[in-house]
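Hey, can you piece these two chains together into the complex? The hints should help.
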Amino acid sequence: MTDWIEVAKLEDIPRQGARVARTAVGDIALFRTLDDQVFALRDQCPHKGGPLSQGIVSGHKVACPLHDWKIALDTGIAQAPDEGCAARYPVRLENGVVRLSLSPDEGCPNG
Amino acid sequence: MARMKLVLVGNGMAGIRTLEELLKSAPDMYDITVFGDEPHPNYNRIMLSPVLAGEQTVEQIVLNGRDWYAGHGIALHTGKRVVKIDRGNRFVEADDGTRASYDRLLLATGSKPFILPVPGADLDGVVGFRDIADVDHMIRASAQYKHAVVIGGGLLGLEAANGLKQRGMEVSVVHIGDWLLERQLDEPAARLLQQNLEAKGLKFLLRKQTRELVRGESGRVCAVQFKDGETAPADLVVMAVGIRPNTALAESAGLQCQRGIVVNDTMQTFDPRIYAVGECVNHRGIAYGLVAPLFEQAKVCANHLAEHGVGIYRGSMTSTKLKVTGIDLFSAGNFMGGEGTEEIVFQDPGRGAYKKLVLQDNKLAGACLYGDTLDGAWYFELMRDGTDVSDFRDKLLFGRHHIGDSGAGGGLGDEKTRLLAMPDSAEICGCNGVCKGDIVKSIRDKKLFTLDEVRAHTKASASCGSCTGLVETLLAATVGGDYSTAPSKKPLCGCTEHTHDEIRAAIAEQGLKTMADTMQALGWQTPDGCNKCRPALNYYLLCAWPGEYRDDAQSRFINERAHGNIQKDGSFSVVPRMFGGLCTPAELRAIADVADKFQVPEMKVTGGQRIDLFGVKKEDLPAMWQDLSAAGFVSGHAYGKAMRTVKTCVGAKWCRFGTQDSTGLGVKLEELTWGSWMPHKFKLAVSGCPRNCAEATIKDFGVVCVDSGYELHIGGNGGIKVRVTDLLCRVATEEEVLEYCAAFTQLYREEAHYLERTAPWVERVGLAHVKARVVEDEASRKALAERFRLSQEPAQVDPWKERTEGALTREFTPIQVSA
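Heads up: the protein sequence lines correspond to chains U and A, in order.
The first sequence: position 49 = 49 (the UniProt record's numbering), numbered continuously.
The second sequence: position 60 = 60 (the UniProt record's numbering), numbered continuously.
Just so you know, the hints here were simulated from the structure itself, not pulled from any lab data.
Don't take every hint at face value.
What the hints assert, rightly or not - Under the rule of at most 25 Å between Cα atoms (straight-line distance), these lysine to any residue pairs were calculated in the SDA-like manner:
#1 A:771 <-> A:798
#2 U:48 <-> A:433
#3 A:604 <-> A:626
#4 A:24 <-> U:59
#5 U:9 <-> A:810
#6 A:447 <-> U:82
#7 U:48 <-> A:729
#8 A:782 <-> A:729
#9 A:568 <-> U:83
#10 A:203 <-> A:246
Unchecked claim - Examples of chain U residues toward chain A, derived with CB under 7 Å:
#11 8
#12 9
#13 17
#14 34
#15 56
#16 58
#17 59
#18 60
#19 63
#20 65
#21 75
#22 78
#23 81
The beta carbon of each residue, even a glycine, is placed where N, CA and C say it ideally should be.
So here's chain A without its partners, still in its complex pose (with noise of 0.2 Å):
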């Protein structure tokens, strides 16, 4: 079958980046041809500022180089402007009469600086800030002249002036408004920054109009004259107030425009043959200036174009930092504030250093960060997710660390890392030994632009994820602030647009019962998912359809498969379960029988009161649990995202501080919930007195026993960040202690990510929500109660005891070669 033709006007990032996503999911189905009418292939038009302070050279920011495009076999042609689409026989043609014809046309030509209507605009020596051929201009300029004038005090204006600074020229900021980059920080913040940029010396003209550029002798632009009447001496103006989607093309062949190409979700224009994304477009009323829309617009168009016909856009959110080494502001969403919102703020001038959070409905609406903007990545996390903030309000001021976020640089401890300032050989992903400088190479040589390409090209955040915060500042202050950690949504994996909630309320409400109709209806781009999204839809699914739902061996991690905790050397470790810790000299016999039998190299008590046999081969599983049923033992699950242990302390029965039987109460909640698959693990424990020796609140459901009856603690964490936990609430009988735990297990079971524990994902949504449906509303938790215990009747059987009965046998017989 021939290939369609596709062409694309306009070689900046928006384009190039929709035919990289394209050729990822589709590389064979079109004949590509590429228009640019600069004289480059495509470049990193962010970087523009650090080439004009004389940071960075055009070879650096450069993107694709022109093998790139020999190499997808896509037809380049710089320097050459398209002047004309015709709709009808579906060609496009450039000033200098090349043609190519399409089936598909794809616009993507930017904008253009706004140049002001006053007299002198055209004057030699006025000039935009956009393409490298402005940046050759003003750096011309800076060796041979003295003095520039910027004209806007917006993000463009600044960072040129400060380009211009550096290149050894006195530089004016011409300004109307009341302070600088007003779209971006409020007047305190404005004038902080001011201070900063004005030690570094420049000046700034605030609430100026220009009147005209006047013209010296030679024809050069000689000064900038403003309304009221005063002059300032300029032998170059740069006018940075603003830019305009470049949409001439699009109207001339007659497709709708309004202060940018008119699109639909699928980034369609009117004719649905001609696709449009970057500035030069208009969604929703909205066109945008900065990279991280343009990338997710790239992503929905690739989408269509490769004919998979299911991505959305649905618009940005944005925030943005100024790239003037030395410089750290941040801000996002409604940092102004207004009615019914509330701001905190912090103000410390001599530092330089302010902050203001505004809030609206508990959650975080905007922020405006100047001086210190470690944080700025988390807050924009915050806002994005929607996370109520009610229960961490009076330490949201100081930054994710000082909070229990699971997500926070754990391996760093607590010092307030001034990450920019760290050496090049700081550790940053413990996991992966990561250190700072390779991240910085890697995001500078392979131009990576997304957290998921630092980590697979780093693998830095890619194991835990608790040093994310830190690459992603890294990252923002290497690419320079507007990098895309900004898609609106984050999709489970990269088989699907789908978020976790997006894809449990399709199983619910479309009734979706098995992984393959699951895939097909929600569009799924690989026949049979990846590793990340298989184990996650077989957990919804069992959790939506408990008996019903025929779980997926094949789709579960080695660990889940063959019931034991895969080691480095590929055998297996076997954890018998205790319940409450508690054992009989029968049993321990059993164990140690057991031990001997299949030569157990290892044995170890665990931190969860229970005994873990090490080394075991993969083919005496099945044998060894069978010795172990025998003896009454069911399967620990130790090595699953399930329930996995219930600590104790001795309690009342010996105890002489004890308040009430916490042993018994613990084998109670375990025979509750043993066998109980998760999102992640879960782990319970109770203790029988205030002194807690069995650690209750680090646990995922903790139990206080006091005189008058039980605390029931939530969302607390051992691991990677310890979390204390939340205190639910208090209750009078074990009955009580049985309901609640159970409902909030369902409640985690429900609504948490696949393979979020129950600290984030109190975080995330809230102690308060927790609260409203197991503590506060009695209907709501017997609901969830009973749903609990019926997902429990399918789910308390021996896994150990149905492998010795025969199933999946295979799984554990080798087959002998002998040959």
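Looking at chain U on its own, in the form it has when it is part of the complex (with noise of 0.2 Å):
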């Protein structure tokens, strides 16, 4: 059973940007794509653990400011050939609601 917590709006995350949620279990990325959907992410990248929340977004990827790699949103998985995952944490947009759940996805060691 998962606990979803209000977070945010929609509109508190810009579009094509991302807002820090800072929780007890560290900071997650809430990301908002030019589409409206939204991701979440743990705010590491794989690499060298830049705040992905900083990076740019387009399409349903972000670019980490630090050395560029382009994680994806939708899985957390780095572009190829770039190797690694940032954890992806469950989240649900429901009338411009924002919840995420603090249990991340399986399957990333970056959890």
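Structure follows, in structure tokens:
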């Protein structure tokens, strides 16, 4: 059973941008894409821990501001040839309200 | 919706590259069927020469194995020759009766060797040099027989001759011309080549015309007879006198052919459902036989097959290299010269080196290099970009690293590196720590063809780009010459086909005022661009419509969004502006107070004469700016593609050598230019005398004061590759310094590509161009300066003050989640 926490309204997150959610399990980046979808990833690039929330968002990916790794927002996986992934957190958007779960999806070592 | 059917006839490099491009942008649009008359999957035809020479195996040159076809759901028919196209009922039929219907048909039937129409041309032992079967034939013959004759002294003929020699045959090359490779080399270079090949044991018969191939007792060819009556023994004859586009199938279907299947600029034939690419094509009267142009065609064709409809193929400039181990030659463009051209020649027959450059209208029109081809890629780039070379013409012949070109291999020092002789452990890319061996291995193993692919897979040259020339040279050497560095234009990024210049022109001419409009008008291939094009477009729009365009924060790199420099731990550094490097005790106290209050872990005096506060948390930034702003500071823009600092020496006010008030002038220049967004960072300096303590001659705009006035210097760079400035002119008054500075800055802002420093920009457009616009034409200078003034009105707003007044507060405030 997932515990959903209401963290923000959609309009609190800039389109093609991100906000940082400061949580008990660490910083989580909340992304909002051009098409108003919302994604949540651990705010640490699998490369050198750069804050993904500070990167440029285009399409459904973000470019890490430190060394330009491209991370897919829907999977957290780095674009080839780079290898690694940022843990993905379940996130839901309903009626303009963003809800987050603090239990990361399984499968990524950077959890 | 049912998928459309695409049939590809021809399983070679051009056709498959088109499919690869198509699958990238429209993976689900078509059900694809491929016919190839060879029994093999797609392989790298260019590498047949190394296979013949025994340096590579057939397995090594396969580009896409059968699993690739299966993985993409492509039906592959190998060993089947398509013999009929029924355009009315839209299907093709192969020689075994296999049929496939199509909605779109792509012809990539390639070319076939031209066989001289002489008696005996059909004898056993006479072969072309085109495919794996030909190579197998030659390898078998080399094991059984002794004498080989290669007819044709072009690239292909020489590579065949070299391969057969390596396999132990006695090889003679017959050539009708006065010298070898007359389409690639001039006579002196060809003589050097001939000597070199003769030393390897090849024989040459020049100015010989073949009359007949003589039949031996076994029925196999046994000799070649020439028109002058002489003969040469031959158990194997390789015809390498040229290729002919393979148009029989297209002709039989009634498609317009004329030394190739005639296509328009979208690679479409006269039947709109049928496209054609590769060596079988005649585009604007030219049939290309090298791989780079074919790949460009593939890209355009795929774009139209995917129904994006924006690609245009305008023809290609080509360069060639010979793939014979140990022989380096390179040629491109008009290397023979002629009326209206000038030649620069270097000759050292003892060392086996020859270089000839052909200039026309101060631009490089052609190059022919023998023995030392390390700079071939650079010369090609100069030709392709149409760079004005008049400023470094005296050093042109000695290569890229002899001029202050910012693209040279800075990390490797200025030794004329024998790149190919370097050990595999030699570091090529200093930014990403990539060694020569890694790059070569990736190119081989992953079948990389373009610079972008090498960047993606190895990261070499993907950061600062200073090793680009070396990587291109490695790529050329590894792939074998005809790799595709040759797109006739470089798009801004993968989202568009358009170049920087085309995009800027469209913004101005079509009055495009938002990013969305620009992307739509220019047919962007992604919904919202990428982190390469969005910052560039944001700048171009800002520059074109000052005061009108609304800056897009989400298209700026974090440094420019947060007005600080992001550090490796995610914290920021803050640099208040100190005009001309001057400060007061009160200002220093204010900085010290801020540092105390926000517990700044480290402070440092920067090279730009101001103070950097390190380790600031992002959420502390607005409050810190508020304090700095209250003390009279504005942002130093130490983080941006923007005007950074004006470095000054103390000047006439205190210095016993000073000729003018350099500090005061520096302050005025900084007041003029601060806040200006630029294509890249932009630094100024003012030195009070020619001792030049402010290092003005490595700045983007430098002033050196002299007794009679001011020397203005431009285009310097102290970074990866140090470049000393060019002298723009001398002026007498401070007012003139300010006007020239504004005009030069604006010219750079309007003309340079995003992320192009002044140094490479000046080299690209030429000092003469800058002088013409800023020095010689007063009206032009005044207009530029006025435009700069207008664009500064909305720009000189302190971003720190804006932020502390509430702009974008949410950018800096984390969401607290307590659960």
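Each hint, compared with the structure:
1. A:771 <-> A:798: The given pair, whose Cα atoms are some 33 Å apart, is violated under the 25 Å limit.
2. U:48 <-> A:433: holds, 16 Å
3. A:604 <-> A:626: OK: residue 604 of chain A and residue 626 of chain A at ~21 Å, within 25 Å.
4. A:24 <-> U:59: holds, 16 Å
5. U:9 <-> A:810: holds, 12 Å
6. A:447 <-> U:82: Status holds; Cα separation ~18 Å.
7. U:48 <-> A:729: violated, 47 Å
8. A:782 <-> A:729: holds, 16 Å
9. A:568 <-> U:83: holds, 20 Å
10. A:203 <-> A:246: Violated. Residue 203 of chain A to residue 246 of chain A sits at ~32 Å, over the 25 Å cutoff.
11. 8: It holds, given that the least Cβ distance between residue 8 of chain U and chain A is near 6 Å, below 7 Å.
12. 9: violated, 10 Å
13. 17: At 5 Å from the nearest chain A Cβ, residue 17 of chain U passes the 7 Å test, so the hint holds.
14. 34: Cβ of residue 34 of chain U sits 4 Å from chain A, so the hint holds.
15. 56: holds, 4 Å
16. 58: holds, 5 Å
17. 59: holds, 6 Å
18. 60: Violated: closest Cβ of chain A sits about 10 Å from residue 60 of chain U, beyond 7 Å.
19. 63: Holds: closest Cβ of chain A sits about 4 Å from residue 63 of chain U, inside 7 Å.
20. 65: Given a least distance of 5 Å, the restraint on residue 65 of chain U holds.
21. 75: violated, 18 Å
22. 78: It is violated, given that the least Cβ distance between residue 78 of chain U and chain A is near 12 Å, above 7 Å.
23. 81: Nearest chain A Cβ about 5 Å off; hint holds.
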